[in-house]
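Asker: Protein chains in written order, with the working numbering: chain R, 3 to 238; chain A, 474 to 866.
Far from chain A, by Cβ distances over 10 angstroms, these chain R residues were calculated:
#1 VAL5
#2 LEU24
#3 GLY39
#4 VAL67
#5 ALA121
#6 VAL172
#7 GLN195
#8 HIS198
#9 ARG214
#10 ALA218
#11 ALA232
Simulated restraints on C-beta separations:
#12 A:THR736 to R:LYS27: 36 to 46 angstroms
#13 A:LEU482 to R:GLY69: 46 to 56 angstroms
#14 A:THR736 to R:TYR13: 30 to 40 angstroms
#15 A:THR736 to R:ALA114: 17 to 27 angstroms
Honestly, the hints are just simulated from the structure, not real lab data. As the structure is a computational prediction, the values presented were derived from the model and not from experiment. Glycine included, each C-beta is placed from N, C-alpha and C at the ideal position.
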Amino acid sequence: MLVVEDLVVAYGAVVALHGVSLEAKQGEIVTLIGANGAGKSTTLRAVSGMVAPRRGSVRLDGREVGGVPAHRLVRRGLAHVPEGRRIFTGLSVRENLELGAYTVRGRAEVAARLERVLALFPRLAERIAQSGGTLSGGEQQMLAIGRAMMARPRLLLLDEPSLGLAPLLVREIFREIARINREEGTTILLVEQNAHLALSTAHRGYVLETGRVALADAAPALLESPRVRAAYLGAT
Amino acid sequence: MSPRLRLLLQALPALALGYVVVRMLVGDVGGGTTLLDYLSIGVTQGAIYAFVALGYTMVYGIIRLINFAHGEFFMAGAFAGYFVLRDAGIERWALPQPWPVLLAYLAALLAAALVAGTLALVAEAACYRPIRKAGRVAALLTAVGLSLLLQNLARQWPAIGPTQRPWPAPRMWAAADEVPSPADAHYYELKTFTSPTGERVEREKPVVFKGATMTPAVRQRLAAEGGRNVFRKGELSRTVVDRSIVLMLAAAAVGLWFLVQRTRTGKAMRAVSEDMAAARLMGVNVDRVIAATFFLGAFLAGLGGVAYCAKYGQVDPLTGFMPGLKAFIAAVLGGIGSIPGAVVGGLFLGVSENLFAAEVSTEWKDVLAFVLLVVVLLLKPTGLMGRPYREKV
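Isolated chain R (complex conformation) (with noise of 0.2 angstroms):
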């Protein structure tokens, strides 16, 4: 579904990727892990549209749309959340996910599509016409998160959904990551911090280190390697 090849983006003069390749196939859920700075989120940026890649190649579906401004992609299936949520904070839950539909003609289909997302996050239902800025962290990436899916992706970016959430919320954000996988056939590719959630929620993952993929392997296969172990599990 999802292609990268040698990916290479630069802000100025500083080059963020250094030809980085990885994959996505129809229904899996692929991390990218690392640390800050790797490259993960411009990786995500890049394959989204919202940075125009300096050399290599994203194709999606087979398609090259590396260099396609970010609000064609949205038409083309694919949809980012991106870091820190961004959900419109003046505008209320309901108006922040029928925007989600932007791209959507038709009443009828985006209201169909906001009864399935509000009965995904319920809590969304009941919050629905309050203002985007007063959810709590949990209900913003709820909310941000239901907005991607108003758009039916079947490639879905998610970058750090559990950036600033307490561990409960961070378990329930994953499992209905998990669920939208399995229920929608929606196929992720996840950047997250916390690799341990990461890897075991996703079926393989890629090991980002200063711009390159370090490792790539099956998710739990990444979970028992040494150095990702040592790196980023925190184990001795």
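Following the hints, put chain A in place on chain R, whose structure we already have.
Answerer: Chain A alone, transformed into the frame defined by chain R:
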């Protein structure tokens, strides 16, 4: 501040405004020197400021740019309206009924709004979009430069030129039996002259009929001409203009509210205004939404341009300068970025200026506006309706 006191502070001006508007709609106010007259003048002027302030505030809300060329969109709209009215020959119309004037004005308003809007689209695509990532100071300087450029282009443009032109006002042709009443000196006669170069020119000549001049012979001549030669000038009266401006603002405010709050485009505008990158991730074409915002703001400025010139009776390339600055002040007063704030700020500025002019000094009323700007920026930079400033995380 207790909620009750706050409610009172909000309700009182609203009630006062409602009262003034109702009096304007039912009767002839604005010509005298009572408080109500000054208030109504202030409301009309404030409504014009509000039209222009809306564009400032919308553009600021979406890309944090004070578009100082906005006053020139206003001027371009005013000239478009001027050409429509002039070429329709509104000054020479014989008008048994007001409908043709209404139609001509509707056409002028539409032309003004579309020309101003199109100019804004071109300006956005050619000047602002390329430097959008270059920072706010660069954009601000571009705006000032564009403003000067458009003013001077208008002065050099053969069809416009630097001179001030009188705004085409319709003449209401008088029927023979009603003309002329001796008490009324505001009658004109159309005379044809031959100029030194041999051209035949039509000129207006004031005819003052007073008692003796109104001889049976004159009356007979008028009757023979069917009243076609004598008219009352500028009979699109003050009350009609003022009422139209206030009603037009009300309609524009309601329409804009609906657009921003209830439509898909409006939702996209609010999303872009809050977080451009996140809006892009929703599939919003940010460039197009910004262009639409410029167009809409300038559309309203064009309407304001025609309203302003119809009210003050003239148009020139610098027409947009002062109203543009005042509207900027109004937008800041109301809270820049806030759409209701632009309306409130405009009305507030218009009324304060005119009360100040009436009670203190006419010469100093522009000073008052700028002093208000400084005071608001010092004491409450978010304005009357602005949200408290929040640092983005």
